[in-house]
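**Q** The chain contents come next:
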Amino acid sequence: MARAGGLERQQALRIAFYAVPAAILMLAVFAVPLGTVVIQSFTSEASPGFTLASYAKILSATLFVRVSWKTLEITLLATAFALLLAYPLAYYMAQQPPRRRAMLMILVLVPFWTSVLVKSFAFTVILGQSGLVNTAISWLGLPPVKLLFNRIGVIIGMSHFLVPFMVFPILSNLLNQPRDLVSAASILGAGKWRIFWRVTLPLSMPGVMAGVLLVMILSLGFYVVPALLGGRQDMMLANLVDFYAREIIDWPMASALSVILMGTAAIAAIILSLIPGGSAILGGDER
Amino acid sequence: MTVCKDETLRASRRRVLTTGAAALAAPFILIPGRARGAGKVVVVNFGGSMGSAKQQAIYTPFTRETGIEVVVVPGPDLAKIRAQVQSRDVEWDVVDLLDAWVPAGARLGLLEPIDEKIVDRSGCIPFARHDFAVGGSIYAGGIAFPTDRLGGKVAMTWPDFWNVAGIPGRRGLRNRVTDTLEIALMGDGVAPKDVYPCDVERAFKALDRIKPAVSHWIAQTAQTVSLIQSNETDFTFTYTTRVKDMQRAGVPMGYSFKQNLLGVGWAGVLKGTPRKEAAMRLCAYIAKKDRQVELANLSVDAPCYVDALAKVDPEARKWMPDVGDPNNLFVNAEWWDTRVDDLTRRFKEWLLA
Numbered sequence: 001m002a003r004a005g006g007l008e009r010q011q012a013l014r015i016a017f018y019a020v021p022a023a024i025l026m027l028a029v030f031a032v033p034l035g036t037v038v039i040q041s042f043t044s045e046a047s048p049g050f051t052l053a054s055y056a057k058i059l060s061a062t063l064f065v066r067v068s069w070k071t072l073e074i075t076l077l078a079t080a081f082a083l084l085l086a087y088p089l090a091y092y093m094a095q096q097p098p099r100r101r102a103m104l105m106i107l108v109l110v111p112f113w114t115s116v117l118v119k120s121f122a123f124t125v126i127l128g129q130s131g132l133v134n135t136a137i138s139w140l141g142l143p144p145v146k147l148l149f150n151r152i153g154v155i156i157g158m159s160h161f162l163v164p165f166m167v168f169p170i171l172s173n174l175l176n177q178p179r180d181l182v183s184a185a186s187i188l189g190a191g192k193w194r195i196f197w198r199v200t201l202p203l204s205m206p207g208v209m210a211g212v213l214l215v216m217i218l219s220l221g222f223y224v225v226p227a228l229l230g231g232r233q234d235m236m237l238a239n240l241v242d243f244y245a246r247e248i249i250d251w252p253m254a255s256a257l258s259v260i261l262m263g264t265a266a267i268a269a270i271i272l273s274l275i276p277g278g279s280a281i282l283g284g285d286e287r
Numbered sequence: 001m002t003v004c005k006d007e008t009l010r011a012s013r014r015r016v017l018t019t020g021a022a023a024l025a026a027p028f029i030l031i032p033g034r035a036r037g038a039g040k041v042v043v044v045n046f047g048g049s050m051g052s053a054k055q056q057a058i059y060t061p062f063t064r065e066t067g068i069e070v071v072v073v074p075g076p077d078l079a080k081i082r083a084q085v086q087s088r089d090v091e092w093d094v095v096d097l098l099d100a101w102v103p104a105g106a107r108l109g110l111l112e113p114i115d116e117k118i119v120d121r122s123g124c125i126p127f128a129r130h131d132f133a134v135g136g137s138i139y140a141g142g143i144a145f146p147t148d149r150l151g152g153k154v155a156m157t158w159p160d161f162w163n164v165a166g167i168p169g170r171r172g173l174r175n176r177v178t179d180t181l182e183i184a185l186m187g188d189g190v191a192p193k194d195v196y197p198c199d200v201e202r203a204f205k206a207l208d209r210i211k212p213a214v215s216h217w218i219a220q221t222a223q224t225v226s227l228i229q230s231n232e233t234d235f236t237f238t239y240t241t242r243v244k245d246m247q248r249a250g251v252p253m254g255y256s257f258k259q260n261l262l263g264v265g266w267a268g269v270l271k272g273t274p275r276k277e278a279a280m281r282l283c284a285y286i287a288k289k290d291r292q293v294e295l296a297n298l299s300v301d302a303p304c305y306v307d308a309l310a311k312v313d314p315e316a317r318k319w320m321p322d323v324g325d326p327n328n329l330f331v332n333a334e335w336w337d338t339r340v341d342d343l344t345r346r347f348k349e350w351l352l353a
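Note that the protein sequences, when read in sequence, are chains R and W.
Residue numbers for the first sequence follow our numbering, beginning at 1 and rising by one.
Residue numbers for the second sequence follow our numbering, beginning at 1 and rising by one.
Certain hints may be false.
As the list claims (entries may be wrong) - Just a few of them, taken from the derived set where beta-carbon distance is under 10 Å, the chain R residues facing chain W:
1) Glu8
2) Ala12
3) Arg14
4) Ala16
5) Gln129
6) Leu240
Don't read these hints as lab results, they were simulated from the structure.
Beta carbons: idealized from backbone N, C-alpha and C, even for Gly.
Model the full assembly from the supplied sequences, consistent with the hints where possible.
**A** This is the structure:
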């Protein structure tokens with residue numbers, strides 16, 4: 001027994017060995033700078049040594065409170081839109097034969113592979129006052145719609161980026177649902193809609209939850225889209241970090257804000273790892 | 001590196017590999033070393049047409065005259081300046097500075113004092129003189145508008161800009177408090193000579209009134225003209241140089257000289273640079289009257305010497321504001337120095353409300 005344990009430990013060590021180069025890289029270029037940020041968040045320009053001054057200043061700042069609410073609003077809206085777009089898409093893809101599904105997957109992935117900066121600039125061309133959409137609208141004799149530099153622009157830009165992240169967990173859930181259940185329900189006389197509402201949809205909830213959480217975590221850190229497509233009211237926490245770091249040049253404040261943002265995302269990630277199907281997204285076991 | 005013959009013959013595969021690696025790595029080690037020498041100076045500017053004008057009027061002749069190579073890097077940034085100076089790893093030497101950065105940079109100890117023994121600034125207007133920065137040009141900012149729409153009803157002054165009922169159209173202002181606060185006061189009817197010290201409360205009240213008419217709070221300078229061009233907005237606060245570039249490109253755009261904000265295109269030397277001597281020599285060159293005339297011809301920003309203005313080409317002079325016009329405002333960076341952080345925060349909060 002003791003010998004078997006030793007063997008197991010040896011095996012574990014041998015496997016861990018393969019992770020060493022990546023671990024060293026992550027330590028050097030990620031963990032160390034991140035640690036510096038955390039340490040810096042507990043310092044202050046005014047006095048040396050450990051202090052919570054930056055956190056106290058942030059939590060009492062009107063700017064932080066307002067930006068946090070905006071971030072929450074935008075995150076929830078973008079997540080809702082991504083879900084509305086992604087669920088039918090995932091459902092449709094799940095019904096297709098594998099070859100066709102692979103084709104559709106590529107179509108979903110193409111925007112996913114494109115830089116968000118490039119996409120945001122492309123949106124300014126499409127959504128502007130003299131953009132493609134408004135030109136088409138004016139041909140129909142309708143007044144132009146303001147789609148850019150406001151909340152609508154941010155939501156369009158963000159949902160577009162987020163849809164693939166919502167599609168994957170939902171699709172994976174739908175594909176793993178036992179087909180027998182649908183057959184059984186249909187034999188018992190349920191119609192297509194009834195099967196969907198009573199069987200498929202409830203069973204897909206873990207996938208939906210996983211997608212929602214994943215998309216929310218991603219939304220929290222958005223920076224480019226609100227900066228390029230948003231209006232004056234569309235400032236998110238990441239933009240506020242930039243504001244403190246570059247405009248006010250108060251690095252302890254920027255660091256404290258980053259730590260708060262990171263903490264929020266971490267909590268969401270922990271919740272994600274606890275729901276069924278969620279840990280798979282984070283790289284854990286399939287079940 | 002010299003290797004004697006036998007050794008070369010006996011060179012093992014490992015040796016070839018290590019020498020190969022060293023040869024590959026050499027440029028990466030050598031370049032920073034060379035950059036620290038006296039024969040080079042690293043300049044940071046905002047690019048655009050002003051950047052190329054500076055290359056032609058200042059950097060190229062400077063290298064020809066002194067043999068000192070000028071390396072141009074884009075994107076001056078006060079946060080990066082601070083990071084370099086505080087980490088004692090200074091890579092930038094001469095950096096173009098915004099008005100508000102000059103007192104802040106001096107206060108935070110980020111800039112070297114200008115060496116008056118090297119830099120001759122006699123005759124320079126006092127407004128463009130600072131102990132820690134040299135004035136390279138005077139820029140003018142004012143209202144730009146499209147000439148192909150609006151039916152000729154155009155805001156020419158800041159009170160016009162605030163008169164939304166009388167002069168309809170979408171407005172564009174910057175998303176920063178500096179300049180915007182002064183503009184708001186002038187829009188509210190304050191005479192330029194009475195703008196400083198700024199009545200902050202009055203300015204924010206005036207901003208409250210204009211807020212519904214402002215379609216864009218613009219982040220990037222390039223957008224101040226591109227948004228008019230793409231019909232996203234009608235009147236913006238921008239600079240003569242930007243409108244001139246647009247007109248040259250055939251864009252139907254006008255600019256009002258009736259009420260302008262005047263500021264200085266500064267350059268400063270980073271504290272602790274190993275190339276201070278060369279940097280100061282470049283500053284001396286930037287301060288040179290004939291270089292400023294040349295720069296003015298190319299960029300249409302005015303020189304910092306009163307008697308140099310007459311030497312500027314008439315074609316470029318058309319773009320230069322009347323510095324004696326009481327309707328124009330000289331931006332006061334010193335007033336902003338201690339106030340800019342708090343007012344920037346307040347302005348951002350106001351924008352989000």
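**Q** For every hint, state whether the structure bears it out.
**A** To see whether the hints hold, each was checked on the structure:
1. Glu8: Status violated, d = 38 Å.
2. Ala12: Check failed: Cβ of R/Ala12 comes no nearer than 34 Å to chain W, outside 10 Å.
3. Arg14: violated (27 Å)
4. Ala16: violated (29 Å)
5. Gln129: Holds, because the Cβ-Cβ distance from R/Gln129 to chain W comes to roughly 5 Å (cut-off 10 Å).
6. Leu240: Constraint on R/Leu240 satisfied, holds at 8 Å.
When held up to the earlier numbered hints, the structure conflicts with 1, 2, 3, 4 and fits the remainder.
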